[in-house]
Amino acid sequence: MVSRLYKYIEVTEKQLKSFFELLAGLSLFSIRFLKEVFVPPYEIDEIRKHMIELGMKTLPIVGVTGFIIGLVITMQLQPVLQRFGAEAFLPGAVGISIVRELGPVITALIFAGRVSSGIGAELGSMRVTEQIDAMEVSGVNPFKLLVVTRVFATSFILPILTVYVIFIALIGAYIAVVLVQNMTWEYYVGRVVFSVEFGDAIPGIAKTFIFGYIVGIVGAYLGYNTKNGTEGVGRASTSSVVVSSLLILIFDMILVKLTLWLWPVAK
Amino acid sequence: MVTVKNLHKSFDNQVVLDGISMHVENAQNMIVFGRSGTGKSVLLKCIVRLMEPDAGEVSISGRDVLSLNISKLNDLRKDIGFLFQGAALYDSMSVRENLEFPLIRNFGYTQQQINEKVENVLEAVSLEDAIDKMPSELSGGMRKRIGLARSIITEPKLMLYDEPTTGLDPITAKEISSLILELQHALKMTSIVVTHDLLCAKIIADRAIVLNEGHIHSEGTIKELLNDKDPFLVDFFSDEVINKNGRD
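Protein chains in written order, with my numbering: chain A, 232 to 498; chain B, 137 to 384.
No lab work stands behind these hints, which were simulated from the structure alone. Hints should not be assumed to be uniformly reliable.
As the list claims (entries may be wrong) - With a straight-line Cα cutoff of 16 Å, these simulated EDC-like cross-link-like pairs (lysine to aspartate or glutamate) come out:
1. K214/B - D364/A
2. K324/B - D342/B
3. K214/B - D148/B
4. K214/B - E332/A
5. K375/A - D276/A
6. K488/A - E332/A
7. K458/A - E332/A
8. K458/A - D148/B
9. K208/B - D276/A
Unchecked claim - Here are a few chain B residues that sit away from chain A, every Cβ distance over 12 Å (derived from the structure):
10. G192
11. G222
12. Q247
13. G277
14. S354
As the list claims (entries may be wrong) - A partial selection of chain A residues facing chain B, derived with a Cβ cut-off under 10 Å:
15. S328
16. E332
17. V336
18. E353
19. L376
Virtual Cβ for every residue (Gly too), placed ideally from N, Cα, C.
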């Protein structure tokens, strides 16, 4: 019993240590990113290439997910609002929840699963096959070319994807609405626009810059520092998804509090 | 050309290089022998600061490598070529893009000059037909040749080779070794070659060192080392010969 407890404490201590090492490493990596992002060359072509590549890669899956989320959340909310005689609020309630929370967070989580793991695996593979060393020894700054461009691209493509997902989710929500009640598209859009305020839309989309940054920096950090060959590449890829998803949720909690403080919901 | 003084490198508690000192003259080919895990590749990486040594001095063409800032280090690296063990070709780029990469990034050549240089190095390694292939479409020997072509396209003054013939069949290994020697003569480069391959060393070497337990155990010409009666050298080179005979 006591030995089992010691073993449990030992494992927990190890996990805590590696978690804090990861946080420290990520912080130093972020500082290096901030130092290098303003130094020329700016690699605009590489950033554009990554934005198109990452955007196109994620577009179908986030579109489908957004549509289903809009549909399902409406189907769930409709009977609840009907119970309180508040069916007229359905478009507004769905609109606010999609714009403020569901759209940004769901998009970021799917983006993390699709992109962070990809970046982790790609850079990890480049590290273990010495491609990053080859770049460095040829006088090229691999951090600038491989890390800065990808993190920049993820930070700016995610807000665009989020706007797209919000739009698709609202279409999904409308389809769910017309399945159960008679409502025109014009009336539905009018109710959504009437209910969703500036204070709902801007913070919801703005926080996805930070989510995009998290996805990029976590994948790049774990990939760039991969060790132990192909096993390390696999670990970098899976850890990228886990760590970036977790950080997205933690930062969402902080940012929700911050945005409610900056843009309080009208009473 | 290259001087290393009292170089130390450890990983955690494992001492890999324990006071290595060596000197390579201009246009000389130096071979670095040693058993697996004796720090041969670490030595090469410390010379170009792909790894930071714990202590010691490295000087290339009179410049103190370890005290250079990153921008000056990158300038120095433009005069250095490095052939990695697995060739380290950028697998998202075609052969042409791999070869163009150092030229576009570091030098102000026109597209016409770049095309000429790419054609010339591909001709030098006899792989003109591979220009539009992806690295995944190349055999091990072809990858090594393209890696070599990429390393010499900038006409470096110093070439570092990390096991250039490992994993190749004896005929291809001999071809690569002869190619390295030809290029070295043509471009008047100084070379440091880490290898286990005695045949490769015999073709290329002007001088050689043998690493053991973090130190330089012996230094001399290949002939001197092969004729040395030191038990470690006798043992080491007999193993090398057995490996060679086994492969042949």
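Violated constraints from the hint list, given by number and in increasing order: Of the numbered hints, 3, 4, 7, 9, 11, 15, 16, 17 do not hold.
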